[in-house]
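*Asks:* One letter stands for each residue in the lines below.
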Amino acid sequence: MYRYDEFDATIVRERVEQFRGQVTRRLAGELTEDQFRPLRLKNGLYLQLHAYMLRIAVPYGVLNSKQMRKLAHIARRYDRGFGHFTTRQNIQFNWPQLGDVPDILQHLAEVEMHAIQTSGNCIRNVTADQFAGVAADEIEDPRIWAEIVRQWSTFHPEFSYLPRKFKIAVTGAPDDRAAVRVHDIGLRIVQNEAGETGFEVWVGGGLGRTPIIGVAIRKFLPKEHLLSYLEAILRTYNLLGRRDNIYKARIKILVQATGGEKFGQMVEEEWEKIKDGPLHLPQAEIDRIHRYFAPPAYEALPDVDPAFETAKLENPDFARWARVNLVKHKVPGYAIVNASLKPEGGAPGDASADQMDLLADLADKFSLGEVRVTHHQNIVFPNVRKRDLFALWQRLKSARLATSNLGFISDIIACPGLDYCNLANARSIPVAQRLSRHFSDPRKLDEIGDLRLNISGCINACGHHHVGHIGILGVDKQGQEFYQVTVGGSSKDDASLGKIVGAAFSEDDIVPAIDTIINTYLANRTDRSERFLDYVRRAGVDPFKEALYGPAPARRTAAE
Amino acid sequence: MAMASQMITANRLLDGAVVYFTAGKSWSPNFTDGAVWPDKESADAALIESKESVKARIVVEPYLFDVAVTEAGPKPTSARERIRADHKPTFEPDQGSWTGQISG
Amino acid sequence: MALLQHGALQPNNWRFVGDDAAIPAEGPVTVSLKRWQAESEVLRGRNAPIGVRLKNDEPALALGEDVHRLSLIEVEFPKFTDGRAFSQARILRDKLGYEGELRAVGTILRDQYLFMTRCGIDSVELPEGKAIDGYLAALKEFSAWYQPASDGRPTVMELRHPANANARRGAAPIVTASVAAHSA
Ligand code: SF4
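Protein chains in written order, with this note's numbering: chain A, 769 to 1328; chain B, 2 to 105; chain C, 38 to 221.
Keep in mind that the hints were calculated from the coordinates and are not lab data. There's no promise every hint is true.
[What the hints assert, rightly or not] Over the 12 Å line for every Cβ pair with chain A, so calculated as not near, a few chain C residues:
(1) N50
(2) V54
(3) V104
(4) H105
(5) I128
[Said to hold, decoys possible] Cβ pair distances, simulated, as ranges:
(6) A/P1319 <-> B/R83: 29 to 39 Å
(7) B/R83 <-> A/N1013: 28 to 38 Å
(8) A/N1013 <-> B/S27: 19 to 29 Å
(9) A/N1228 <-> C/D119: 17 to 27 Å
(10) C/K71 <-> B/T91: 50 to 60 Å
(11) C/L176 <-> A/R1059: 27 to 37 Å
Positions of the beta carbon are idealized from the N, C-alpha and C atoms, including for glycine.
Work the whole structure out from these sequences, hints included.
*Replies:* Here it is as structure tokens:
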């Protein structure tokens, strides 16, 4: 993984001191809350429902064991013994004190971490495919480019006061695991006819209040021009993005208003003027960063490991976990392991300090010292020898980290919701907990199959509800919590936005409603091979409406 | 509809903790210590007074919220304020990973 | 309003003249882009320096070659969260090659001052008597820069790869003497 050189270290250290000064000025009354808010947000510090919340960047989701241990330490010393992994591959602490934050940042700097630009109207932490560098289907490692973008976007003097937040995602594989089509900018590494790799550039996607699938404004961008092209997009947006209405300020609104093609032309025009300037990426720098992501020294192993095969035969629980939570590794004899942070009845994405320490130990023992955070709020061990899988599974199981539910209905994405979040309409976590208990039977999970259920506590859509196969959105009705349900969303290559099934459900009715939706699907699918998403695409929302609210005429009468 | 009674809440500057404006013009983490204003005039006047504590850097962003006055005392009418008054998430620690007690 | 320039608070002898007001016979004035475009002959005939105040939503490129006839260009920060002027400043410096004084007016927080100088702004308007220590300290908060901007400071990438940097600087943005002095 990337390691800081003297320059990176200097910048992060100077940022800690700068923020320490800003906190001191706030506490001394030199800054009002209005002045301090944007400054603290640019450093990931929110004031939430019960306390401050600090969001720490996990650049493109990659953590080494030392960093994970540091997070555990911070959780114990400055928080209440746990942290929350987010859909943007970051981690949040829910209870830090304002005066402690500079010290927390100093601890982070010691392990090459920070909270820079994890919030605010600036370029946020860049996200990438959680299986980068190890996935069997990868064209090229996206982490190199995510790191290059991270550096360019850090304290960019021109783009630190944008109309609104700005999120960039990079994926290097045809199977889009970074949801690039729903980002402000999505970069897909592609191959052209000449066999060279470059970027397909997507712009103007996003969730939130106005969910939109982005448009590809360039089919192939040579890699050395990445930064000048990003700069051209950002400059166009900074000058023309709306600033009069916060709900219309994202780049997606500008792209829609201008038209994708026209917007692309404006970017190209700007880019022509700057592409051969100092932003042109020197090969030496690409090579330098590339070296940090060189594949580790893998052992030459047979792809079939007899011990692993035997363990599966002897232990059905393990066999099930291996079937569900492993992903094919590009190197024979190795596997990519997903450790679920979605135990039955748990808070999705939460990990205790003890769990973090254990994850760090297991990373050292079994995965070349590295883990990844996924935007599905799980943890990945990218490099595990197949012969170690059984031992790893046993250790994970002892800490409630081995739930076999990856990609199933109980692998729920949920934002913090009204239990923590100042903007929330309704709680997300308790709904996720009840659903995960309701759908805990492994046979039931297998029967339902591939199903992504996402929950957001408000329209800001941090829980990505629009792109869940089933999406749940918390809404407020006179101070009470209600839940609106959508079906048919996807964030993959076939990206689509879910459609609302009908009137929102109360807290008591939401789990039965989801159960009805599942039963409707199970009763009507052609066979097991028709996944939930396929069924919704074929049958539309009507069968669900009927099952949930009664036949159409009855609905009409009821409405009258 | 009759104007509901109101209380004033804010977050403490130092640790962000939820606090309530009391009849004695101070702040308390206990919901039950908070003063209840029965009408708009008194509530608005109290809010202006409470903002002195913003200048004094004790709290951040005080605001009014509705309560229903019952025999057992005032109760917040919104889910949001019910949760804030509890100082913690609603789910049980053993079901998620959050731990620890809230100190005043 | 006073001016923070060259590390000290200076008196400001420029005046912004509204579109409907008469242009005074003497003294340096700034006018709107609209007025400049309509009356540039007359304005240039005056025997005093002339400047233009760009609104936030006006394209800096509209000034074109005219930038070389101006002694001052002002860009606006109506509230500190509105960052359009950062881009306008860079366009004036890098694309139009403007070398005169580039001034920020409006709400200027010390926490933005460093970014302003990086974008080529070399003077900022501050309330009379404003303490400037914080502004000067803010310029020293960082000592390394990831991205090329309009201040000519060597970037981290250039320092990592000196050989490549020299080749590229030929095509680099124009760095004005005043900006270079600022970043020294
Ligand atoms: S979706 Fe809404 S409730 Fe959930 S974390 Fe985001 S802002 Fe908060």
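*Asks:* All the hints need checking, so say for each whether the structure fits it.
*Replies:* Verification of the supplied hints:
With a closest Cβ-Cβ approach of about 29 Å to chain A, C/N50 is found to remain outside the 12 Å limit, as its non-interface label requires. No beta-carbon of chain A comes within 12 Å of the beta-carbon of C/V54; the shortest separation is about 26 Å. Under the 12 Å C-beta cut-off, the non-interface status given to C/V104 relative to chain A holds; the minimum distance is some 16 Å. In this structure C/H105 is separated from chain A by more than 12 Å, as the shortest Cβ-Cβ distance comes to about 19 Å.
Consistency note on C/I128: stated as away from chain A, yet its beta-carbon is not over 12 Å from all of that chain's, at 8 Å minimum. As the Cβ distance of A/P1319 to B/R83 is approximately 38 Å, the hint placing it in 29 to 39 Å holds. Checked against the hint of 28 to 38 Å, the pair B/R83 and A/N1013 passes, with Cβ atoms roughly 32 Å apart. In this structure, A/N1013 and B/S27 break the distance hint of 19 to 29 Å, their C-beta atoms being roughly 39 Å apart.
At roughly 22 Å, the beta carbons of A/N1228 and C/D119 sit within the given window of 17 to 27 Å. Separation of C/K71 from B/T91 is about 58 Å and conforms to the stated range, judged on CB atoms against 50 to 60 Å. As the Cβ distance of C/L176 to A/R1059 is approximately 34 Å, the hint placing it in 27 to 37 Å holds.
The earlier numbered hints that this structure contradicts are 5 and 8.
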